[in-house]
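Protein chains: 2
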Amino acid sequence: MAHAPETIDAYLADHAARFEGQLFELLRIPSVSAQPDHNADTRRAAQWVRDDLIALGVPAELIEFDSGHPIVYGERLDAPGQPTLLIYGHYDVQPPEPLEPWLSPPFEPTVRDGNVYARGATDDKGQMFTHLKAAEAWLKTVGRLPVNVKFLIEGEEEVGGKNLEAFLAAQTRKLACDYAVISDTSQFAPGLPAITYGLKGLAYFELRVQGANRDLHSGTFGGAVQNPLNALCQILASLKGADGRIQVEGFYDDVRPLEDWERAAFAQLPFSEADFAADLGVAELFGEVGYSTLERKWARPTCDVHGLWGGYAGPGPKTVLPCKAGAKFSFRLVPDQDNRTIAQAVRRHIERHTPPGVTWELEEMHGAPAVLVDTTTPGFAAATRAIETAFGTRPVFIREGGSIPVVGLIKQHLKVDTLLLGWGQNDDNLHGPNEKFSLADFHRGIRASAHLMAELAG
Amino acid sequence: MAHAPETIDAYLADHAARFEGQLFELLRIPSVSAQPDHNADTRRAAQWVRDDLIALGVPAELIEFDSGHPIVYGERLDAPGQPTLLIYGHYDVQPPEPLEPWLSPPFEPTVRDGNVYARGATDDKGQMFTHLKAAEAWLKTVGRLPVNVKFLIEGEEEVGGKNLEAFLAAQTRKLACDYAVISDTSQFAPGLPAITYGLKGLAYFELRVQGANRDLHSGTFGGAVQNPLNALCQILASLKGADGRIQVEGFYDDVRPLEDWERAAFAQLPFSEADFAADLGVAELFGEVGYSTLERKWARPTCDVHGLWGGYAGPGPKTVLPCKAGAKFSFRLVPDQDNRTIAQAVRRHIERHTPPGVTWELEEMHGAPAVLVDTTTPGFAAATRAIETAFGTRPVFIREGGSIPVVGLIKQHLKVDTLLLGWGQNDDNLHGPNEKFSLADFHRGIRASAHLMAELAG
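First to last, the protein sequences are chains A and B. Letter by letter, the first sequence follows residues 1 to 458 of this note's numbering. Letter by letter, the second sequence follows residues 1 to 458 of this note's numbering.
Hints are computed from structural coordinates only; laboratory data are not their basis. Among the hints, a few may not be true.
Stated by the list, open to error - Straight-line Cα separation of at most 25 Å, BS3-like style, residue types lysine-lysine; simulated pairs:
| hint | chain 1 | residue 1 | chain 2 | residue 2 |
| --- | --- | --- | --- | --- |
| 1 | B | LYS324 | A | LYS318 |
| 2 | B | LYS415 | A | LYS324 |
| 3 | B | LYS415 | B | LYS162 |
| 4 | B | LYS162 | A | LYS318 |
Claimed, not checked - Cβ-to-Cβ under 10 Å is the rule here; a few derived chain A residues that face chain B:
| hint | residue |
| --- | --- |
| 5 | TYR204 |
| 6 | PRO270 |
| 7 | GLU273 |
| 8 | ALA327 |
| 9 | HIS366 |
| 10 | LEU409 |
Glycine included, each C-beta is placed from N, C-alpha and C at the ideal position.
Kindly generate the complete structure, drawing on both the sequences and the hints.
Shown next as structure tokens:
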């Protein structure tokens, strides 16, 4: 089977208005997982998703944990011998604050210029919901799904909850699948859908440097003892060279080079470095020599300081020689760098580059490997065709500089690749005020998901 | 005349208890110039000093300004043809907070182990008051002072008030003198009095670095744009080399080398680098190669970062690529470095060492030249003899890494050197809790001041 039957497309067209109404209903539930005041609302969103799954024909339940928010799990396995999809999404949303910049209330979905504005519109209620409606179209017309589908919709994505990983680790048989599908990313540009096939990993550190046992007067003691702020700057400056390359010994040993087809494909994307710089308000871009901006953003490892502190930051001069300084910094990693190997190399580098007279502590705060999805699988090809059908244009294949931890967890526990099929746009303001989602893309997403099921069926 | 007449010493002995009682009275006045709640107390301290001057025989008045605290000015010019001393001190004190660590209340002078504990005990009420009592001894016995004396006791030293400089600039004839005398420093060690003949200057800056026009996600944008925190660290790290030498081009051009006698004298002082390091709790000291710790502290220019800020400093990881970073840093200068020349060199250095993709602003927050007192004048010799008489041991000649701005102002406006005759100890906790002053040193200081007047008279 290649395309979905025409009855599916017809069903989608007939029920488009109702689908929007249902989405708005879900968006009205302020399921802010980070805010305990909204715990009841967050649970209400879980129940709403579970009830919709049951209503459309997928038996579903809430998986409860000792603490935190439940997972909605539902499955419909009526295609023996066919592939199994694990559709992941999340029903929780970021806090809407600050409220003042919102043009319409964050939990009162409002349509302007073909977009629905609401917290969670694109991240991830609107995108996640497309897969439910795709399943509905199959079940309400054909009466069954052409592949096996498992829905795993969690409520702790925005707070980095640990229940999902515990569930993945404990239920590898229940969750066994051929591909995971996640719609929680963006298209490359309006009218240019994309499949994201690479995500960076992360090695995040906090470095604390200690000098004397107390703050000192910089006149009386300056020049005689090491200043931990000067020392911290020296250590951090030593991490990256003037050519933008990271100076940690062995850092690039396991970096998988960009393939020729990738560099060619990135170069053909409609991307203007001048527009990019202008939007950011910088006179010039800066990155690793020998790579384009998209290559740097998507496929080359990076090193960024996230925070610096120490000494006096108030108004006016203060001549203190502080005894403590600290920084947070991280490396974004690419395949096949290992975040534990990198952490060891960073530790050795700091050992070598710390000037005399101070001590230091390095805390490894977060580590995750990079992800590269195999672009040659039948599933990847099926997703490409389904998106082309629904969006009217062939998707481009892109990578992303950020991390989506669940993709790594799925790879680790279920041993499968994830198809990252994003229906959003880069300017959807996820996590910010006036979050939005294009209703046209909402419907295209539903159609793409419905066709993906058809394309995947053998 | 060489020594003061014996009647002076007898008077000092007879009135020692009353002098202490008067000092305690002055110490009970919470003249915290920084705290508006204490404005009336600060004025009360000024009046108290003025009244004591008048009572002991020096006509005195309050010099009022549009705002801030008055100067107490008194003079007794009954030694025509003899040198004139300008005795400077201050009646205001640092805030006593935090109060919790004080063993006795900061404004309730309490004697323990021969020291009086109170805010202002050493800085500067106790030290300043010695010169009033010395004048009293002369006036109540001999009936006149052997030299001309002008008292200039201000009330804004601890807040860096501008009234003093305006007064110095406007009243150069009234304040004309041969030497200024200030007792607001310390002895080298208990039992080892010192004359401080060198002070460092200062060039203090705030540097602000700006990257993009907004904070960015370090995953999505990392590696593609310059990170102002990384850039700031690079700039600051470039200021000093691994050998502890400052890398700003031309920085050492005007540095006057230590003289052979100074290096020899410093080397003979009872100073243990090991004890110094142990007290500070550092495994090793660090400073400019080729110089001892005392040479680095007193006579070599330094570069210290005082504060760093930018990005996220809260708990846990945050993957932000911040758009702003900043730092405060300064150079302590030595003769004959000019703080304005240094500021220009620093500006050029930052221009050269700022990586691409960020802009920066440098604010010059404070600048002052270094001071080196001529150690070959008759006044310096007189002070040396007077201290030897009063303390029973010849003073050592030391320098100091800090700055005392009034010394530079006096040099600039009155064209005279200052004799820095410190009666304090290094552990007197000035500016901290449990500030103290040795009562034995209080009386020795009075005697040294009385003998200085004799030694100076031709």
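Hint compliance check: list the failing hint numbers for this structure, sorted ascending. Result: hints 2, 6 and 10 break, sorted rising.
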